[in-house]
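Chemist: Each chain is listed here by its residues.
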Amino acid sequence: MQPVMGTEQDLLLKQKKKNLNRKRLDTWLLLLPTLGIFLFFFLLPLFFLFITSFKTFDPGSGIGSEWTLQNYIKFISDPFYLGVVWRTVKIALITTLVTIIISYPVAFQISKAKGRAKNYLTLLVLSPLLISMVIRCYGWVIILSNNGVVNNTLMSLGWIDTPLTLLYTEFSVVIGMVHVLFPYMVLSIMGSIERIDPSVIRASQNLGASSFRTFFSVLLPLTLPGIFAGSVMVFSLSVSSFVTPAILGGPQVKVMSYLTYEQVAVMLNWPYGGAIGFLLIFIATVTIIAYSKILARSEKGVAIQ
Amino acid sequence: MSYLRLENVVKTFNKTEVVKKLSLEIEKGELMSFLGPSGCGKTTTLNMIAGFLEVDGGKIEVDGKPVHLLPPNKREMGMVFQNYALFPHMTVFDNVAYGLKLRKVAKSEINTRVLEALEMVRLAGYEKRYPKELSGGQQQRVSLARALVIKPKVLLLDEPLSNLDAKLRQEMREEIVDIQKKVGITTIFVTHDQEEALAISDRIAVMYEGRIEQVDEPAAIYNHPETDFVSQFIGEVNRVQGKVLETYDDQKSKLHFFGNEQIVPVRYTRNSEVDFFIRPEKIQLSLANSDNAGFETKVERKMFLGAKTRYILKAQDKQLVADVSNTVLNPNQIQEESHVFAYWNPEDLLPSRKAR
Chain A
1 MQPVMGTEQD LLLKQKKKNL NRKRLDTWLL LLPTLGIFLF FFLLPLFFLF ITSFKTFDPG
61 SGIGSEWTLQ NYIKFISDPF YLGVVWRTVK IALITTLVTI IISYPVAFQI SKAKGRAKNY
121 LTLLVLSPLL ISMVIRCYGW VIILSNNGVV NNTLMSLGWI DTPLTLLYTE FSVVIGMVHV
181 LFPYMVLSIM GSIERIDPSV IRASQNLGAS SFRTFFSVLL PLTLPGIFAG SVMVFSLSVS
241 SFVTPAILGG PQVKVMSYLT YEQVAVMLNW PYGGAIGFLL IFIATVTIIA YSKILARSEK
301 GVAIQ
Chain B
1 MSYLRLENVV KTFNKTEVVK KLSLEIEKGE LMSFLGPSGC GKTTTLNMIA GFLEVDGGKI
61 EVDGKPVHLL PPNKREMGMV FQNYALFPHM TVFDNVAYGL KLRKVAKSEI NTRVLEALEM
121 VRLAGYEKRY PKELSGGQQQ RVSLARALVI KPKVLLLDEP LSNLDAKLRQ EMREEIVDIQ
181 KKVGITTIFV THDQEEALAI SDRIAVMYEG RIEQVDEPAA IYNHPETDFV SQFIGEVNRV
241 QGKVLETYDD QKSKLHFFGN EQIVPVRYTR NSEVDFFIRP EKIQLSLANS DNAGFETKVE
301 RKMFLGAKTR YILKAQDKQL VADVSNTVLN PNQIQEESHV FAYWNPEDLL PSRKAR
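Protein chains in written order, with this note's numbering: chain A, 1 to 305; chain B, 1 to 356.
Note that these hints are calculated values from the structure, not bench results. Computed from a prediction, not measured in an experiment: that's the story for all the values here. Careful, some of the hints might be misleading.
Claimed, not checked - Lysine to aspartate or glutamate pairs mimicking DMTMM-like chemistry, simulated, CA-CA at most 20 angstroms apart:
#1 B:K153 with B:E25
#2 B:K132 with A:E8
#3 A:K112 with B:E25
To be verified - Partial pick of chain A residues on the chain B-facing surface, computed with a CB cut under 7 angstroms:
#4 N119
#5 L121
#6 V200
Quick reminder that beta carbons are idealized off the backbone N, C-alpha and C, glycines included.
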């Protein structure tokens, strides 16, 4: 190669490299604010909490100086605490299941609607998110309490003699959570329904499938990614929710976030509270991973889609 | 007795009639094209035949039995969609087997029939692939196999080639005709591409604004268009205005245009002004006006198009487009801005039906 050509080639390469570096720098600059907040106000405190959860409890200063596994052992070996874990996961799973069932038809109808109607319907679905969590929960208290709307109505109709216990049960907690979380599911399922080519549905009918069969053979499998995304959101929000179980479940329906709050804010036992918090994160993560594994196995095509 | 019959079929969207009392009869085994510009109602009509849209009037019969009240899954029609519409979560095999499974066909028979169908569309060996792993042409072939494997009464093709590139489109259309003839299935082919329709159809129904303008064999549609729309939509035409000088008893008239006179085989009223069409490839050019048959034009532009050359001509301020084969006339002989003589055979004139 001639020397002149060589330098030209070198210049070109240099410029290319410069451009590439510039592009990378831009990317990092754009991510910087979010990364900063994430790092300093989420990961770092979480890391300190993790370390704290391996410390002993000191009644004087809160956090002791000794290292120990006792916080985790205490939790895992106590049937009461395990019961709370089970209840937390159970409530979250039921909430997720109920939201899927009630959100699917809503999402389906909204994605079929057109123009302005669609916007209004979407707004309607999102409306629970516009009201403060606490106010909404007290609304449910008024409806579900012993002399609340439901019990008064049923008694005045003469259908029951003594009020039903609706409030401060797992039932009331699930109702409250479904109410606030179902918009997430609707939006997520809507997204995946809208991505389906309508002629695929027609093709199914054309080949002889009833609407029922088309739903289970075509529509449902193709919307599984949306259901999955919605489930992950709803499950992780409900497994870690605090306000709704605190108001609608109270001390009778203790969940893990409530336990953590008790240990940290009431007992001032930060190490134990930290341990419970970490177990909650662990359980939620494991459940979500297991869920995605099962889903991936049951519907191979979805991954390919 | 025709196999598929549409009788006064009407479809209304928001108070606008998009299909207006459409009647059509299609013979068994025939390949009928619905050809027309977008918005002419061809796809709407197809969707009514398939059952995706309800008819707002009239009836549709297959083999003498009315079907227009049946839901789409009971009509036994195979449809191939423009965008293939394969089930993305199923393998090629499962896509093709879908209709058979719904018909509760025995497993071993499903297997043989699916493999046969895939063999027919030259996709043997692709059973385990997912649609996403296939090219557009392959996906469309799967779609065709899926529609044919259930042995439908009618095959409906909704612009099946429009998402493919030009070369593949030509290949696929020949393949579709081959398969259609082999299976002998009554087929409706919806397209806006006239070349496609002319190439493959037994008959073409040219549609415009919700009506059928003309139903005929491709050559008849091209050479004897019955309406102005058909003349202008199928192939290209030059619109020429002329004056009727003389009329004769034997269905002939003497026309005057561009300072030239010609006796044409059409009956006109004497002294009236008339419009007629002439196709670019029917115009012949020559450097000398040998037997006074032609009229003088100026060559404004010429475009080399491979086998032919397109000349944009000007005759008495009116523009004419002429396509002349390069084997008939060497384009180097004719320069832009020069004058040539144009003429045509009187039989090639397509009279306009519109009164002026």
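Chemist: Would you mind marking each hint as holding or not holding in the structure?
Modeler: Hints and how they fare:
1. Among the hinted pairs, B:K153 with B:E25 is consistent with the structure: their alpha-carbon atoms are about 15 angstroms apart, no more than 20 angstroms.
2. Distance check on the hinted pair: B:K132 and A:E8 sit about 43 angstroms apart at the alpha-carbon level, beyond 20 angstroms; violated.
3. Only pairs whose Cα atoms come within 20 angstroms are accepted, and A:K112 paired with B:E25 is rejected, the gap being roughly 35 angstroms.
4. With a cut of 7 angstroms, the hint placing A:N119 at the interface with chain B is violated, because the nearest CB-to-CB distance is about 20 angstroms.
5. Below 7 angstroms, beta-carbon pairs count as interface contacts, and A:L121 has none with chain B, the closest being about 21 angstroms; its hint is therefore violated.
6. For A:V200, the interface hint holds, since its Cβ comes within 7 angstroms of a Cβ in chain B; the closest pair sits about 5 angstroms apart.
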